[in-house]
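K.L.:
Going down the list, the sequences are from chains C and D.
Reading the first sequence from the start, the letters are residues 5 to 413 in the working numbering.
Reading the second sequence from the start, the letters are residues 605 to 961 in the working numbering.
Because the hints were derived from the structure by calculation, they are not lab data.
Be aware that a few hints might be false.
[Stated by the list, open to error] Below are the DMTMM-like pairs computed for lysine to aspartate or glutamate, each with C-alpha atoms no more than 20 Å apart in a straight line:
id, chain 1, residue 1, chain 2, residue 2
1, C, 370, C, 348
2, C, 81, D, 789
3, D, 755, C, 63
4, C, 152, D, 943
The structure displayed is predicted, hence computed values, not measured ones.
Okay, here's what each chain looks like letter by letter:
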Amino acid sequence: MSLKKFGENDVILNTMKTHPHSEFFIFDGTVHYNNVPGQSGAFSDRVLNIPPGHVSLYELNIDKGDANLFSYPFITKQSSGAAFATVSATSYSNAFVFGDIMTSSYPMSASITRELMVTAGQREVGVDSNTGDTFEAAPTYPHFYALKNRLNFYGTLSEHYKVSSSYGDKALQTVNLLSIPSIFYGQGIRPGSMSLKWYCTGSMIGELQDVKRNGELIQVGPVGSPGSGSVAGVVMYDEGFVLLTGSWALNQASLLLVKDSGTPVSPSWVYWGAGAIDGVTVSTTGASYLSASSQLSFQGINEIQVMTMFAHAKRGEVNYSNNPTFLEYGQTAIAQTSSLIYEENTSRRIYNTVSSSYPDWRAPFKRQVYVSRVAVYDESRNLIGLATLSNPVLKEEDEDLSLKLRLDI
Amino acid sequence: MAITSYEILDTTSDVTTTRTLLHESIPLTGTIISGTYGVFPSEENIKNYTHGQFQSVYDYPYLSSSANHIFDLAVGFDESSNMSKSAGAGPTGSGQQAKKINMYNQFSQVLLGYTGSNNTVRMFELDLSLDESGSIAKEAVFVNLSRLISKDQIKKGSFSITVGYGTWSAPFGAKRVLTDASASDNGGTTNTFGGDYGVLFDTSSNPRGLVFYEAGIVMLSTNSFANDSGLTPQFYAHPTYGNLNIIGTFLTSSISGACDAVRHRIENIAFNNTTEINSTIYFCRVPHNKYNHSANPTYLSASTIRVKNVNTDSPIAYITTIGLYSASNDLLAVAKVSEPLRKDPTNEMTLRVRLDY
């Protein structure tokens with residue numbers, strides 16, 4: 005088989021940037037994702053077997069209930085040392101011997117989560133058992149401490165990022181932290197696309213947008229609302245976190261929005277998203293919680309590397325097929341053969357595939373093939389890719405044909 | 605920031621490759637194959653095509669975005685089968701005879717190839733010898749498992765299928781379990797065009813089908829569904845011609861009709877799949893007298909090292925990131941440690957960086 009080599013201009017590498025849109029609506033302790041309604045099946049109330057507002061990683065185990073066996077992954081402990089991320093190094097060494105099977109489970113799911121951090125920099129109080137002295141122990145909100153360096157790093161974009169700045173000290177403030185898993189956005193959140201809306205009894209009482217595209221979440225509406233134009237928080241585009249510190253009352257209402265508190269509070273940005281997998285439900289708060297609802301929308305950034313290859317079939321080339329039906333049926337393949345000679349029949353005829361417009365009449369013979377596939381080989385002539393056309397393309401002897409192959413990586 | 609020194613990896617001692625086999629247990633119950641999502645044979649999770657060459661089975665109504673393609677079903681027979689010379693109960697040509705022959709030849713051509721002597725397409729043999737003798741399956745049912753569930757290959761020795769050969773109204777009143785228990789990574793298989801294949805035996809060790817592991821295709825001989833007399837009189841309740849046995853079904857029904865009959869008789873399919881994960885492991889060795897300093901701007905404060913209290917203290921650095929560079933010093937990959945590792949002149953460490961692909 006002869007191979008054609010790609011020329012200098014025949015292979016192009018590009019990056020395609022996509023922006024997947026995500027929208028979350030939070031109400032009554034439930035998160036709704038992209039307005040997807042719950043889907044019930046024959047065996048399960050939820051066919052994906054995941055809570056509302058979540059995405060399923062592999063979407064296996066569709067419509068399975070308690071009576072069904074579920075698909076699950078497993079690894080046999082072997083010398084390569086591979087294990088599931090949930091198996092710790094200690095457990096891997098001590099709990100399993102070689103040949104043991106480590107199992108995991110499907111479905112795996114993810115959703116946004118909210119964490120209300122009252123005095124975000126607070127630490128537990130430890131007591132020295134010898135002296136009885138107290139000391140500052142582990143952070144009450146370790147997620148805040150984990151983000152401090154990164155917040156200060158983004159301080160060059162905006163002073164509002166900094167943990168401690170002229171706008172206050174986040175460690176002493178109430179911080180509303182929203183975590184967005186990367187499965188919803190890809191490589192990052194698209195600057196300028198984020199919108200947070202606060203609804204009270206169905207009316208929008210505040211909207212934040214990152215209109216300056218520098219991470220500052222500025223209250224842009226409704227027009228004339230309390231705090232309009234103020235910065236209520238920041239968004240960390242690459243990491244998928246939103247930190248809200250705006251504590252001004254957005255209206256005069258008094259709602260139960262804090263879990264197990266019993267004390268009504270005014271709707272403000274630090275209470276935005278109450279119910280986003282944070283334990284806040286009507287039973288842990290009170291009936292007035294049902295007056296609150298929140299909406300989050302943003303676009304992600306997902307880059308896809310695209311390789312475009314042009315495969316040229318020039319006139320006079322690629323006009324023969326190795327398909328057995330390319331030749332007329334019933335011809336002698338071998339002219340002569342013996343212990344000394346093997347000679348193929350050199351005058352075998354090609355089957356005439358030229359389409360005729362008339363019945364019972366064959367159009368004059370023309371040499372032509374139908375191209376159905378393009379194979380891509382590496383330098384060592386290993387087959388590394390195969391492109392199949394949806395319909396075979398006619399290639400006549402006096403025609404040039406260029407096929408465009410696209411490979412998304 | 606600029607890198608001023610690199611630690612060169614010795615490809616003989618610092619780089620190694622491994623392969624991990626990740627498996628999934630895949631149980632497919634017969635309830636999703638037949639009768640759950642609508643009235644048989646027009647269930648919403650079964651897709652028939654105008655070309656009529658095969659039937660697709662989904663795990664949920666296929667118009668839903670939640671549905672996954674599970675497998676395709678087709679039937680066929682060799683041109684030397686008695687069926688290809690017979691007429692069925694219906695009008696001539698109703699049974700898609702030519703398509704069934706093409707289907708059989710297509711599968712056998714792709715999976716088995718051609719015989720060496722006559723250069724004809726092989727027939728499926730219910731053994732591992734490929735010698736054109738013994739038990740030959742001239743009529744077959746093909747279960748073409750989706751790559752979504754078969755992944756790189758079916759794990760050898762893990763496949764089982766339960767089929768019923770009872771009456772049409774009670775198909776599982778008599779049933780048999782077919783397994784490839786005699787196949788393993790160490791033997792019990794034969795390698796051919798379509799990759800390795802093993803034989804499916806019933807509990808009495810009668811061969812009744814084949815499973816092609818890499819291709820993810822199962823071939824069931826019609827004797828998988830045969831009762832002791834060799835036929836199942838009520839194999840299919842044909843909507844027009846009434847109860848048909850296996851031969852009658854293959855002769856008279858369209859491919860999709862025969863597939864309906866087969867679906868009605870699959871109680872369970874279970875197997876483990878395999879995904880090969882190849883890894884390269886780079887052992888990044890950090891000697892005691894190197895990497896005790898950081899180029900991070902915050903490492904210094906007023907031209908003094910932050911983590912030193914007095915000038916006689918040893919320098920300390922915290923390793924957070926490992927960069928892997930090409931021979932031309934292009935950054936190719938970055939590895940992060942879960943927590944910074946303290947490095948000072950009193951300790952050495954080897955960081956194991958694994959790259960999966």
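K.L.:
Can you name, in rising order, the numbers of the hints this structure does not satisfy?
P.N.:
Result: hint 1 breaks, nothing else.
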